[in-house]
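Enquirer: Taking the hints into account, I'd like the entire structure generated from these sequences.
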Amino acid sequence: MDRFSSKAENTYRIESTNRWWKPDTTKKKGFFDWLAKDADHQYNLVTPWMMAEDLRRSFPEIKEVCRLVPASPILMIGNQRFKENKKNAVYVDKNFFSFFDLPVLNGTKENAFQDNSSVVISEQAAKKYFGNSDAVGKIVKLGEEEGKLFTVSAVAKNFPLNSSMQVDVLFPIESRDDYQEKIDQGVNHASALTLLQFQPGVDLTLFRKKLASFGEQYFGTPIDRSKKLNPGVREPKTDLAIRSFSEGHFNASSPWFYLTNLKSLYQLILLALIALGIACLNYILLSLSRVASRSQETGIRKTIGANYKHILKMLLTETWVLVMLSMTASFILAFIVLPYFNKLAEVNIAVVELLNWKFILIAIALSLLLTIISGIYPAIKMTNIRPLNVLGKFSTYKLNPFLSKIFIAFQYTACTVLIAFAIVMAQQIKFVNNKELGFDKEQALIIDNPYAFNREKTMMIEEQLRQYASTQPQIAGFTGTDFRYAKISNSNTHNINGNKEPVNSMIVDYDYFEFNKIPIIQGRAFSRQFISDTSRIDIPKEQLDTVGSRTMASLVVNETLYDMLGRPALNEVSRPLGGIIIGVCRDYFSRSLVQKIEPAYHRCRPNQVRYFWFRIGSNENIASVVNNVKQKFNGIAKGEDFEYNFMDDDIKVLYESHQRWFAVISTASLMTIFIACLGLFGLSAVVAVNRTKEIGIRKVLGAEILQLFYMLNRQNLIIVLLSFIIAIPIATYVSKNWLQNFAYRISLQWSFFAIAAIIGFACALMAVSYHTLKAANSNPVKSLRTE
Amino acid sequence: MNTGNNRTFLLRDINLHIKEGEFVSIMGPSGSGKSTLLNVIGMLDEFNEGEYNFLHESVHKLKEKQRTSLYKQYIGFVFQAYHLIDELTVYENIETPLIYQNVKTSERKAMVADILDRFNIVGKKDLFPTQLSGGQQQLVGIARALIARPKLLLADEPTGNLNSKQGEEIMNLFKELNNEGVAIIQVTHSEKNASYGSRIVNLLDGMIVN
Numbered sequence: 001m002d003r004f005s006s007k008a009e010n011t012y013r014i015e016s017t018n019r020w021w022k023p024d025t026t027k028k029k030g031f032f033d034w035l036a037k038d039a040d041h042q043y044n045l046v047t048p049w050m051m052a053e054d055l056r057r058s059f060p061e062i063k064e065v066c067r068l069v070p071a072s073p074i075l076m077i078g079n080q081r082f083k084e085n086k087k088n089a090v091y092v093d094k095n096f097f098s099f100f101d102l103p104v105l106n107g108t109k110e111n112a113f114q115d116n117s118s119v120v121i122s123e124q125a126a127k128k129y130f131g132n133s134d135a136v137g138k139i140v141k142l143g144e145e146e147g148k149l150f151t152v153s154a155v156a157k158n159f160p161l162n163s164s165m166q167v168d169v170l171f172p173i174e175s176r177d178d179y180q181e182k183i184d185q186g187v188n189h190a191s192a193l194t195l196l197q198f199q200p201g202v203d204l205t206l207f208r209k210k211l212a213s214f215g216e217q218y219f220g221t222p223i224d225r226s227k228k229l230n231p232g233v234r235e236p237k238t239d240l241a242i243r244s245f246s247e248g249h250f251n252a253s254s255p256w257f258y259l260t261n262l263k264s265l266y267q268l269i270l271l272a273l274i275a276l277g278i279a280c281l282n283y284i285l286l287s288l289s290r291v292a293s294r295s296q297e298t299g300i301r302k303t304i305g306a307n308y309k310h311i312l313k314m315l316l317t318e319t320w321v322l323v324m325l326s327m328t329a330s331f332i333l334a335f336i337v338l339p340y341f342n343k344l345a346e347v348n349i350a351v352v353e354l355l356n357w358k359f360i361l362i363a364i365a366l367s368l369l370l371t372i373i374s375g376i377y378p379a380i381k382m383t384n385i386r387p388l389n390v391l392g393k394f395s396t397y398k399l400n401p402f403l404s405k406i407f408i409a410f411q412y413t414a415c416t417v418l419i420a421f422a423i424v425m426a427q428q429i430k431f432v433n434n435k436e437l438g439f440d441k442e443q444a445l446i447i448d449n450p451y452a453f454n455r456e457k458t459m460m461i462e463e464q465l466r467q468y469a470s471t472q473p474q475i476a477g478f479t480g481t482d483f484r485y486a487k488i489s490n491s492n493t494h495n496i497n498g499n500k501e502p503v504n505s506m507i508v509d510y511d512y513f514e515f516n517k518i519p520i521i522q523g524r525a526f527s528r529q530f531i532s533d534t535s536r537i538d539i540p541k542e543q544l545d546t547v548g549s550r551t552m553a554s555l556v557v558n559e560t561l562y563d564m565l566g567r568p569a570l571n572e573v574s575r576p577l578g579g580i581i582i583g584v585c586r587d588y589f590s591r592s593l594v595q596k597i598e599p600a601y602h603r604c605r606p607n608q609v610r611y612f613w614f615r616i617g618s619n620e621n622i623a624s625v626v627n628n629v630k631q632k633f634n635g636i637a638k639g640e641d642f643e644y645n646f647m648d649d650d651i652k653v654l655y656e657s658h659q660r661w662f663a664v665i666s667t668a669s670l671m672t673i674f675i676a677c678l679g680l681f682g683l684s685a686v687v688a689v690n691r692t693k694e695i696g697i698r699k700v701l702g703a704e705i706l707q708l709f710y711m712l713n714r715q716n717l718i719i720v721l722l723s724f725i726i727a728i729p730i731a732t733y734v735s736k737n738w739l740q741n742f743a744y745r746i747s748l749q750w751s752f753f754a755i756a757a758i759i760g761f762a763c764a765l766m767a768v769s770y771h772t773l774k775a776a777n778s779n780p781v782k783s784l785r786t787e
Numbered sequence: 001m002n003t004g005n006n007r008t009f010l011l012r013d014i015n016l017h018i019k020e021g022e023f024v025s026i027m028g029p030s031g032s033g034k035s036t037l038l039n040v041i042g043m044l045d046e047f048n049e050g051e052y053n054f055l056h057e058s059v060h061k062l063k064e065k066q067r068t069s070l071y072k073q074y075i076g077f078v079f080q081a082y083h084l085i086d087e088l089t090v091y092e093n094i095e096t097p098l099i100y101q102n103v104k105t106s107e108r109k110a111m112v113a114d115i116l117d118r119f120n121i122v123g124k125k126d127l128f129p130t131q132l133s134g135g136q137q138q139l140v141g142i143a144r145a146l147i148a149r150p151k152l153l154l155a156d157e158p159t160g161n162l163n164s165k166q167g168e169e170i171m172n173l174f175k176e177l178n179n180e181g182v183a184i185i186q187v188t189h190s191e192k193n194a195s196y197g198s199r200i201v202n203l204l205d206g207m208i209v210n
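Line by line, the protein sequences give chains A and B. Take the first sequence: its position 570, counted from the start at 1, is 570 in the working numbering, and no numbers get skipped. Take the second sequence: its position 83, counted from the start at 1, is 83 in the working numbering, and no numbers get skipped.
Don't read these hints as lab results, they were simulated from the structure. Be aware that a few hints might be false.
As the list claims (entries may be wrong) - Distance condition first, Cα-Cα at most 25 angstroms in a straight line; then the derived BS3-like pairs of lysine-lysine:
{"hint": "1", "chain 1": "B", "residue 1": "Lys19", "chain 2": "B", "residue 2": "Lys125"}
{"hint": "2", "chain 1": "A", "residue 1": "Lys128", "chain 2": "A", "residue 2": "Lys141"}
{"hint": "3", "chain 1": "A", "residue 1": "Lys693", "chain 2": "A", "residue 2": "Lys782"}
{"hint": "4", "chain 1": "A", "residue 1": "Lys127", "chain 2": "A", "residue 2": "Lys141"}
{"hint": "5", "chain 1": "A", "residue 1": "Lys86", "chain 2": "A", "residue 2": "Lys109"}
{"hint": "6", "chain 1": "A", "residue 1": "Lys693", "chain 2": "B", "residue 2": "Lys124"}
{"hint": "7", "chain 1": "B", "residue 1": "Lys124", "chain 2": "B", "residue 2": "Lys109"}
{"hint": "8", "chain 1": "B", "residue 1": "Lys63", "chain 2": "A", "residue 2": "Lys782"}
{"hint": "9", "chain 1": "A", "residue 1": "Lys435", "chain 2": "A", "residue 2": "Lys517"}
{"hint": "10", "chain 1": "A", "residue 1": "Lys441", "chain 2": "A", "residue 2": "Lys630"}
{"hint": "11", "chain 1": "A", "residue 1": "Lys693", "chain 2": "B", "residue 2": "Lys125"}
{"hint": "12", "chain 1": "B", "residue 1": "Lys125", "chain 2": "A", "residue 2": "Lys774"}
{"hint": "13", "chain 1": "A", "residue 1": "Lys782", "chain 2": "B", "residue 2": "Lys61"}
{"hint": "14", "chain 1": "A", "residue 1": "Lys157", "chain 2": "A", "residue 2": "Lys109"}
{"hint": "15", "chain 1": "B", "residue 1": "Lys175", "chain 2": "B", "residue 2": "Lys124"}
{"hint": "16", "chain 1": "A", "residue 1": "Lys693", "chain 2": "B", "residue 2": "Lys65"}
{"hint": "17", "chain 1": "B", "residue 1": "Lys65", "chain 2": "A", "residue 2": "Lys774"}
{"hint": "18", "chain 1": "A", "residue 1": "Lys405", "chain 2": "A", "residue 2": "Lys693"}
{"hint": "19", "chain 1": "A", "residue 1": "Lys210", "chain 2": "A", "residue 2": "Lys63"}
{"hint": "20", "chain 1": "A", "residue 1": "Lys430", "chain 2": "A", "residue 2": "Lys487"}
{"hint": "21", "chain 1": "A", "residue 1": "Lys487", "chain 2": "A", "residue 2": "Lys652"}
{"hint": "22", "chain 1": "A", "residue 1": "Lys782", "chain 2": "B", "residue 2": "Lys65"}
Unchecked claim - Below, a sample of chain B positions facing chain A; criterion: calculated Cβ distance under 10 angstroms:
{"hint": "23", "residue": "Asp45"}
{"hint": "24", "residue": "Lys65"}
{"hint": "25", "residue": "Gln73"}
{"hint": "26", "residue": "Ile99"}
{"hint": "27", "residue": "Arg144"}
For glycine and all other residues, C-beta sits at the position ideal for the given N, C-alpha and C.
Expert: Structure (C-alpha cells):
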C-alpha cells in the first residue's frame, strides 16, 4: 500500500510479459502461493524511452506520464565519494514531483528541476552529503573523474519507510548524454519504467484492451524479427498491461524499488493466528477450571441479587482487562522485535508508524473480539450455576469432556506440526551447509577489480596481483572470475537439441579449476601454452548455429552441459556453443542449493575478470593476509576502494532467509508448546479437583499412585497421542512444501516426527504431572470426610 | 497425631486389643476420635507414637507400600456416605479392589458374580450408584468391601445415612458376616447398632473410657 502520495492510487505502471522468465513449474503451488496470487511472477517492467510520449499521444485517457530510470551513480561532493544504488538513485522526468504531488522543501514541485543540470535530493541525503548546512545550490559531481556537475535545486521530503519508493537522489532524465540516442533506438532499447495517470472516469477494462492491441502494433517490428530468427521457439508476443502502483509493491518484478514479500507475510499471519487460537482455547480451559473455585463467589453474588447480566458483565470485564494488559505487553515486545521482523518479512516498518490512531483502534477492536471469543463461554457457564447447588451441598463443576478433548487435540496437533517442521528445517539447513559443493570454499578471499570492463588496466592489475600472490608464502593460490559465488548474472541462450537453453557463461582466469580443486574429468584445463585459450577463435560460418549465441572461444564445460550436448568429441567445433570444447569439469555448485546445477561453460579471459580470488594458506592469520593484500592493492590501484568478501560469507548469505524462518518457526513452536502445556496444566488441575473424592475411594480400595496417575491422565494422554497422528500428515505436507524451495533436499524421515512426538508427549506428561501426582498423593481420609 | 504446629493428641493412651473374628463397636460423642481411631486401624492415617500390630506385622515399622499391600489384602472399608464411584456401574464398583490386587479377569468375574448373587443384587449390576436407594448403595459398598475376602471390616457409621429399616438389614448382614469369621470394627452413634457387636469401646477426647 503506497500512501506516500495522494496520487499513488491513480498511478499505474506499464508491464509486459517477460519472455525470458520461466516460472519454476517443478515447484508445487501451495496455499500461500494461491493467497499471494502472482506475487512471484516476474513481469517485464522496462519500456522504451520514447514509449511514454507515444502512449500519451495515442491515448487521450492518459493525463500524465512519468519515466523512471534507476541508476547506481557515484557522486562526488567535494572530495567525498558516495556510491548510491538503484533503489535510491533514479533519473526521472521533470514532472516527477507534481506527478506524485510530493512536497518539496525550498522550491515548488512544478519546478523542482530548473534545468538539465539540476538534481533533487532527499532530506536524509542532504544530511548525509552536506551535514547541517543548506543543500540548495550546492554542487554534486556525477562520476569520479570527468564527471558532470549538477546543482542541488531542491530538497525533497523523505519518503515514508513503508513505501515502494524511497529515492534519495533524482536527476532529470534529459540530463543523460545518451538521452537522444536512447530515444532514437526506439523499441530496440528498453530500460525506463513508465508510469501513467488517467483522466477521471476512464474505463480501465477498455483501456487495457486498447493498450494490448497498441502493444502488438508498437512492438510489431521486433516481434516480426524475433519470429524470423527464432522460428517456433517461443511465442514472441508482447502483452502490454497496467498494474496499479500500490499493487506493484507486492510483485517480485524487477527493477522495482522496495517490495513486500506477501507470502512470508501471510505465513507469519497464519502462525500468529495459530498461537492466538491456542492461547484463546487455553484461556477458555483455564477459566472453566476456575469456575469450580469461583462458583461459591458467584453463588453468593446471585443470592444477594445479582442477575445474570451483572455477572456476565463482570466476568467479561475481567477478561477484557486481561486481554488489554497482554496487548500492552505485546506492543512493548513488538517494538523490541520489530527490526528482526522487518528483516524477516523484507519490509520496513518503523515503530512510529504503529502508533497511529487507526492502528490503535484496530488493536482495541481486536481486544474486544478476543474477549468475546475467549471470555463468553466460561462466563455463560459460570452464570448458569444455580446458587442453591453451590451453597447447599458439595458439588463440583464438570468440564464438558468432549470440549476439552477437542481443545487438547487442536493444541497438540499444532505443536507437533510446528516442532516437526522445525526439525525438518534444522536438518535441511544442516544439509545445505554441509553439502559438498564440489569446490574448495575455505579461506577464499575475493576482492573487487576496480578496473572491471577496462581490459588494459585489468590486465595490468591482474599481472601484478598474480605476481604478488606467487611470491607470498601466505597465499596458496590466485585466480580471477567475472562472478562471485551464487551471483552469476551472465547466461547465454544456445540452441541445444532444438531447444533454446540458457547456459551460464563464466569468465575465469588461469588456474581457476586448480584453485577451486574442481577436477577436470576429460580433456584439459586452460593453459598458457595455448594462445587460443584466451583469444577469439574464428570459426567458419557454415559451422555455426544461426539462432543461438556463439562463444567463439575455447571452452571448459561442466558435466551437465556436456551431457546435454550428447558428450561430443573434444577439440572440435561445437555447433550449439559456437566454440571449441577443450575440457570437461566435474559439476560443482556455482549457485545455491535452491537450484539444480545448471549447464555452464567457462571461458578464459584474464583481462575481463571482475574479481580476484586469493586462497589464504590454511594456518595463516586471515586479518594480516587481508591487510597485506590491501596494501599491495593500494600500491597498484591508487585511489581505488579496496572491497573484499569471503567465499564462505557469500555462501552463508544464501540461506539467511531460511535460517531466519527456522528461528521463527522454532520460537513459535516453543511458544505454542509452552502455551499448550499451560492449558494441560490447568486442565489437569480441574480433573484433579473434580475427582478428589474418587481418588480417595480408589486409594482406600488399594490403588497405588502410579495406577492413579495413569487413570487420571490416560484420556488426555491418549488424545495427545491421537493428535500426533493427525499432525503427521499435516507436518509432512508443510515440510514437503517448504523443501520444494530447494533443488537439493533431505528426504523426510520417521525419526523427525518421532522426535517431535516424543518432545510433545514429554512436555504433556510434565504438564499433567504436578496436579495429578499431588492429588494421587493426598491423604484419602481428608477427601472422604463428609462434613 | 499432629495437626499443624500445635501438638495436640487426637488419640491418646489407646491400648486396644482386638481378636480375630471379633465384632467391636466404637462409640463416643462427635470429635472424640472415633473416626481417627478407625482410620489408624485401617492404616489410612499415620500415627507418631506407639505401636500397632496387625496379624503378626508391626504396622508402625512398615513402609507405605508394604502397608498398602497389607490393608489391601486384609481390610475392607464401609463408609457412612457409601463412597461409591459415580462413573462406574455396580459391577465395576465391586470389581475395583480386585483390579488393584491384580486378580485375573476370569477370577474377578467369578468372585463378583458370587457376591452379587449372595447380596441379591444381580439385577442391579449394570446400574450406576445414583440409580440406587441409599440402602442398596450401602449394600454395594459392603459387597465391595468384602469382595477381596478381608479378615477385618471397618465400618464408619455404616447406617448413618439410612432409615431404620435399611439400617437394621445392614446390621443383620454384619452379624451374619461376623458369624462367618470376619472381624468387624464399627463406629456408631446408636446404642442399638452397637449392641450387635460383642464388645463396645467408648471414646472421649481421644481416650478410652470404660
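Enquirer: State the violated hints by number, sorted upward, taking the hints as numbered earlier in the document.
Expert: The structure breaks hints 1, 12; every other hint is satisfied.
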